Every structure is written in structure tokens, then in C-alpha cells.
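Enquirer: Turn these sequences into a full structure, and let the hints guide you.
Keeping their order, the protein sequence lines are chains A and B. Our numbering applies: residue 49 is where the first sequence begins, and numbers increase by one. Our numbering applies: residue 13 is where the second sequence begins, and numbers increase by one.
None of these hints come from the bench; they were simulated from the model. Since no wrong hints were added, every one of them can be taken at face value.
In silico SDA-like pairs for lysine to any residue, Cα to Cα no more than 20 angstroms straight-line:
1) Lys122(A) <-> Met13(B)
2) Lys350(A) <-> Glu22(B)
3) Lys122(A) <-> Asp14(B)
4) Lys353(A) <-> Asp16(B)
5) Lys353(A) <-> Glu22(B)
Derived contacts from chain A toward chain B, CB cut-off under 7 angstroms, selection only:
6) Met49
7) Asp50
8) Phe53
9) Leu343
10) Lys353
11) Leu361
FRET-style restraints, in silico, Cβ to Cβ:
12) Gly227(A) <-> Lys34(B): 49 to 59 angstroms
13) Lys353(A) <-> Glu260(B): 19 to 29 angstroms
14) Thr438(A) <-> Gln267(B): 18 to 28 angstroms
15) Gly255(A) <-> Asp145(B): 45 to 55 angstroms
16) Leu322(A) <-> Asp145(B): 11 to 21 angstroms
The structure displayed is predicted, hence computed values, not measured ones. Even glycine gets a Cβ: it sits at the ideal position worked out from N, Cα and C.
Take a look at the letters that make up each chain.
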Amino acid sequence: MDLAFTPEEQAFREEIRAWVHANLPKEISHKVHNALRLTREDMQGWAKILGKKGWLGFGWPKEFGGPGWTAVQKHLFEEECALAGAPRIVPFGPVMVAPVIMAFGNAEQQKRFLPGIASGEVWWSQGYSEPGSGSDLASVKTRAERVGDKYIVNGQKTWTTLGQHGDWMFNLVRTSTEGKPQTGISFLLVDMKSKGVTVRPIKLLDGECEVNEVFFDNVEVPAENLIGEENKGWTYAKHLLSHERTNIADVNRSKRELERLKRIAKTEGVWDDLRFRDQIALLEVDIVALEMLVLRVLSAEKSGKNSLDIAGLLKIKGSEIQQRYAELMMLAAGPFAMPFIEEAMEAGWQGNFPGGVTANAPLASTYFNLRKTTIYGGSNEVQRNIVAQTVLG
Amino acid sequence: MDFDFSDDQEQLRDAVRKWVDKGYTFERRRAAVAAGGFDRAAWGELAELGLTALTVPEAHDGMGQGAIDAMVVAEELGRGIVLEPIAQAFIASSVLSHYAPAEVQSAWLPRVASGEALVVLAQQERKARYRLDVCEAKAAKAQSGYTVTAIKSVVPAGDKADAFIVPAQLDGKIALFLVERTASGVTTQGYVTQDGSRAAEVHLANAPATLITTDGLAALELAVDTGIAAACAEAVGVMDKTVAITVEYMNQRKQFGVFISSFQALRHRVADMKMQLELARSMSYYASLKLGAPAEERRAAMARAKVQLGQSMRFVGQQAVQLHGGIGVTDEYIVSHYFKKLTQLEVTFGDTLHHLGEVSARMQDTAGVFA
Numbered sequence: 049m050d051l052a053f054t055p056e057e058q059a060f061r062e063e064i065r066a067w068v069h070a071n072l073p074k075e076i077s078h079k080v081h082n083a084l085r086l087t088r089e090d091m092q093g094w095a096k097i098l099g100k101k102g103w104l105g106f107g108w109p110k111e112f113g114g115p116g117w118t119a120v121q122k123h124l125f126e127e128e129c130a131l132a133g134a135p136r137i138v139p140f141g142p143v144m145v146a147p148v149i150m151a152f153g154n155a156e157q158q159k160r161f162l163p164g165i166a167s168g169e170v171w172w173s174q175g176y177s178e179p180g181s182g183s184d185l186a187s188v189k190t191r192a193e194r195v196g197d198k199y200i201v202n203g204q205k206t207w208t209t210l211g212q213h214g215d216w217m218f219n220l221v222r223t224s225t226e227g228k229p230q231t232g233i234s235f236l237l238v239d240m241k242s243k244g245v246t247v248r249p250i251k252l253l254d255g256e257c258e259v260n261e262v263f264f265d266n267v268e269v270p271a272e273n274l275i276g277e278e279n280k281g282w283t284y285a286k287h288l289l290s291h292e293r294t295n296i297a298d299v300n301r302s303k304r305e306l307e308r309l310k311r312i313a314k315t316e317g318v319w320d321d322l323r324f325r326d327q328i329a330l331l332e333v334d335i336v337a338l339e340m341l342v343l344r345v346l347s348a349e350k351s352g353k354n355s356l357d358i359a360g361l362l363k364i365k366g367s368e369i370q371q372r373y374a375e376l377m378m379l380a381a382g383p384f385a386m387p388f389i390e391e392a393m394e395a396g397w398q399g400n401f402p403g404g405v406t407a408n409a410p411l412a413s414t415y416f417n418l419r420k421t422t423i424y425g426g427s428n429e430v431q432r433n434i435v436a437q438t439v440l441g
Numbered sequence: 013m014d015f016d017f018s019d020d021q022e023q024l025r026d027a028v029r030k031w032v033d034k035g036y037t038f039e040r041r042r043a044a045v046a047a048g049g050f051d052r053a054a055w056g057e058l059a060e061l062g063l064t065a066l067t068v069p070e071a072h073d074g075m076g077q078g079a080i081d082a083m084v085v086a087e088e089l090g091r092g093i094v095l096e097p098i099a100q101a102f103i104a105s106s107v108l109s110h111y112a113p114a115e116v117q118s119a120w121l122p123r124v125a126s127g128e129a130l131v132v133l134a135q136q137e138r139k140a141r142y143r144l145d146v147c148e149a150k151a152a153k154a155q156s157g158y159t160v161t162a163i164k165s166v167v168p169a170g171d172k173a174d175a176f177i178v179p180a181q182l183d184g185k186i187a188l189f190l191v192e193r194t195a196s197g198v199t200t201q202g203y204v205t206q207d208g209s210r211a212a213e214v215h216l217a218n219a220p221a222t223l224i225t226t227d228g229l230a231a232l233e234l235a236v237d238t239g240i241a242a243a244c245a246e247a248v249g250v251m252d253k254t255v256a257i258t259v260e261y262m263n264q265r266k267q268f269g270v271f272i273s274s275f276q277a278l279r280h281r282v283a284d285m286k287m288q289l290e291l292a293r294s295m296s297y298y299a300s301l302k303l304g305a306p307a308e309e310r311r312a313a314m315a316r317a318k319v320q321l322g323q324s325m326r327f328v329g330q331q332a333v334q335l336h337g338g339i340g341v342t343d344e345y346i347v348s349h350y351f352k353k354l355t356q357l358e359v360t361f362g363d364t365l366h367h368l369g370e371v372s373a374r375m376q377d378t379a380g381v382f383a
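Expert: Take a look at the structure:
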């Protein structure tokens, strides 16, 4: 056992750090470090910078043009990006649909879709949840009917994150109502500019439109956009989930935000209030413990020994920590986190924020926004079901 | 970064587990508790397995193994809620080999290694709570050597031990001494503690003492940190078995015509126990991996680890009893004994609130350097 990264891993970290420092635009990292609003251009701008370097698909194997990094290298890359204040990579293209296309798509589909994902040119969205299908995802009703060389798609998807920017969308659609719900689902790629696709942003409790409803009204989709075999989509979706491992803990970002919390506590005068500070100390212990848990998983992946089937624990603890730091940040500012002045959440705002500290402007919005983390990606209650299954059978 | 155990460590684990499963049954433990909470024969068996010698340097007839080996042993003994305090052997070998003069090392370390001498840390004073720098015990220079006058409490196996490691004030600062139990002026009052093991009040009245070091506080901190790492590892073993016992019970107990493991409210509780267990295991690894770090870094790591372990122990222990229902609060059934062990471990070498205070006081800008 050894806590230290190897000299090679350290050198790799230094290389990443230097490159990120030289290439991450300062105006973008300033926004991330201060939780100011990011535009589509900010997010895609960073994606394209990474894409040019060949690192947007940082988890991809070499045969598909990725860097072929180890699990530890991927972790170090994500950590350096997070600590430097890089926007989180929008995962739907490079992290979620690309591995499915690699594993189950045909050569033609790989040639057609992967380059646009790798470069960051094409923005992908996810079409999983529906109004009637949340935790019970296998009950999806959006119907895709095969007519000649086309599918005709009708139905509605929802909670489509950043779908208002989307060029393409990967969907779980129902192609059969025979047998178990899972066996009638197909994995279909849809051009969001197709006739009959309507995207309607949903305003959330923080005032932003981070998610959307997507309606399909007799949308014609070429049959060549079907991934793999008809009615096998559920299997492919599960493969996709197996690609979300340690990154669902998001521990690197939480480490960065813990430091921001300490700065806020000092500015707001609660750093020396031991009752408040002890709460930060508890969070710090939580984050160290989560990091050790993540490192154990990485170590197991590296050596192939003592494999740890604890993705559910990482999701639960990681999301609880994100909610907690946001909560403590808001509580540190107290009443001065309550003014809802949207312009103050934009970079460069020169107005007078009540109380005089503009950095307090986004605290409550972030707190409200992060309530999503225990709901999305399989709610924490669903995760507990999964964990209990591994322990109790 | 590597969390795998070596083949030797896996073999060590297997050997200790085999002894616990075959040689240290619950019936034997129950008899040992009834007989006073310390079984010298069991201590001898631990010595035969090489466990008392594990971290003693090879130059003093030990095996010269490290913190991870000690952790593996403590975990496995925890699994069987073994009463005999193996952590005290780790503490004695660490303090003596790092701080004691050569002749004291030669006189005591081989006997610690062989199991012949049980040397225990006697640091707890009534007014100190968990603060290591609060010490009323007094040492004085004698014609040959020193004498110590002190009252030390809840000393592990205090009336069965052969010698004590005792912090006491000397010339205005804490020094560390070795006092033999059979020396003049030493009286002990032994008793059984809540977890079934043995402890004693130890009174020293001008008892003859051998100086270990005048750098007593630093040595005491190393002693306690060694104890914290061992307590964390022991707790992981106890919790691991506690969860296993609970799972087994839930899969054979029926109510409303079905196994109680089918109820979602209970299943989620088990998921939360698993969470606490794995966070605790991670932080136990962290503690043992940091045991060799510079003192400040080591102290900070132990405090963090004990905060996690303390929370985990209380949750896992309480919920294990709850999920068992009535049988969980009986003396006859095994789970209550695991619960009591966890409860006592939480207040051993500093409870959760004490260590949270330590984390809080040491907290600074630490992004990226936890590991």
C-alpha cells in the first residue's frame, strides 16, 4: 500500500497542470471559480480547446483517437482541470454516447459521429427520462415505428440537460411492447434539427433553464441511425452507465469548492465561529474520506485485484457533499445570500450588491440548483436499492 | 497510489483470521470476560502467531513489519472482538524503538516481541480528558534513576501488565517513563470494562521509574497516534463483522410471512451501514498510511480518521442493534457485544467531538493535498 502517486503519474499530473494553465482562458476559469453563469460559448469553447489537443475524449482508447489513458491518469486529468477552474466537460457526447457508438455502433456510424464528438463541434443531448418514466426508466413510451428505411418517432422526453444547445440527441425509444419492458427498447440517434422536433426550456427554481422538454411529432429518422440491434437498447444503456465510475463522485470539484467555502466563511466572519467552523471541518473529513474511497476504486481498476462494486456509494456520498458545501456557503452569507439579482451572477457586473460582497450573489442559486444531484443519475434512493442488493442479495 | 495488500500481508490476514475463527470462539471469549477480561493464554497465542513481535525491529528479535501489517492484524482481531490489547504491543514497540535509550530497548523490546512482557500505555488522567498536554503526574530525580507519582485511569489490562509507559512532569515539561508493575509504590485496582476487556486504576507513589525520553509530549503523541491507527483498523474489523451478522440475521428472520431483508426501509438502512463501513475502511487505510508521516501531518490525519471512524462506529453499532429488534439488546446474542466494542472504541484515544475540534483547529487551505 502506498498513498503517493508514482513518479510517472506525478510527471503526468505536472504535464496536465502546465497545459491547462497555458490553455484555459482566464475569463472562463474566473467564472467557474466564482460560480458565475457560463454561456454556451464558454462551455463549447473549452471543449474545442480540449478537442484540438485530443483530450475531449479523454477516456477514449487509442484505436478511436483517444489518449488511451489509465484510470489513474483520467482521474489526474479531471482533478487538474477541476482545480484549475475548467468548466465541467458536458458529458453527453464524449463520455456517454461515444462509448456506446464505439462498442455497439457499426464502422459507418463510428466514422460519421465520433470525429464531431472528439472535436467538440457537435453538441449532444440525452433523451432518457420522460414525464412518466423517471426512476422507472424501462417504462419509456416514446414510440419509434419502423416504416421502410425510416423510423417515425412520436412522444416526449424531459429533463434534457442543456438540450437547448443540442445538435444531436441519443434516445431510448420503444420499438416493441412485447415481453418485459426492458426488451422492447432501442437506442436511436436523432438530428435535433429534424422536422417535428420541438425543444422547450424548463425554468428551474434557481431561475435558469438548465433542462428542457423535447417533443417528437412524427419525426422521420433514417434507420441507419439505430445503434446496434432493434430492442437491445436497454443493454447498451446499461453499458453506458458502467462507464460512469469514479467521476460520478465529483470529488475533485468538491475539493475546489471546499476551499471556496473557507474563503466565503472568512469574508462573512463565520470562520472564527467554532460552531460554524466545525461544520466545515466535518465536510472536510467527508471529502477526504470520499477521496480515499475514489482512490481505492482507482487502485482496484489499476491492479485488477479486490474489485470494488461501490459506484452507488460514490454517487450517494458525492452528491450529498455537493449539496452540503453549497448549503454551508449560503448559510455563511445568511441574509446577504438572499437578494436575487440575476445580473450580479454575470461576469463583469459593476452594480452594488446588497451588503457589498458581489461574490454572495450566486450562493443561494447554486444551493437551489444542486438539489438536483441527489435526484439525477438514478436518485439516491434508487442507489440505496442497488447498494442493498449487493449487500443483502 | 496503491491500495493492494502484498502477498505476505494476505497470508498474515489469513493466519490471524484462522486463529480467530478456530481458536477464539465466542464461548472462549465469554469465559474470558467472566474470568476478568484478560486471558494471558490468549496473549501467548497471539505471541506465538508472531503478532506481539510484528512491529518490533529485527535487531530486537522482532519482525520489523510496518503500519499496514499492524492494520491487517488489528482488523482481523476486531472481527473476533478479541479482548487482548494487541495495540499495546504496537504502541510499546513504536515508542521504545523511536525514543528509548539503547539499554532500555535491549532490556524490553525482545520481551515485548516474545509476549513475555506486556507493556501498556498509562496516560489517562481524570482532568485531561483527551488532551495529551494536560498531565499532573510528577517525576523526580532519585539516587539512581527517577520516581513517578501519579494516578492513571482506565489503563488497558492495568493489573495484568508487566510494565507501564507513563507520561509525567519533569522539570516543567512532560517526559515519558517506564514503570514496572511489581515496583514499590505501585498499586492497581482492576475491573472489567463495558466491552468485556480488562482495565485498571493505577496508583504510583514515588514508584521507581526508568526514563524513556524527556521529549515526552512528542513521544506520547506518537504512542497515541499508533493507538488511533490500530483502533481504527480494529473498528473496521468489528464493523465488517457487525454488518455481516446483521445481514445474515435479516435473511433468516421472518415477519409478516417474509424475510425482513425484503423491507425497503430496512434495506436502505443496510445501504447506509455499508456506506459508513466503506468510508471508515478508507479512512483506516488513510490513518495507517499516514502513520509514518511528519508529526504535524500525521496528527492531522489521525484526527480526520477518528472523526470518520467515530461517526461510522456509532451508526453501524446502533443500527445493527435496531435491525435485530429485541434479540439485539440481549446479552446472549452476539451482536450486542459488537455494539459495546464499537462504543468503547469511539471513546478510546479521543472521541468524535474531540477530534473534530482537532480537525477544525488545524484546518487550512488544503486543496489537492489530502492524499
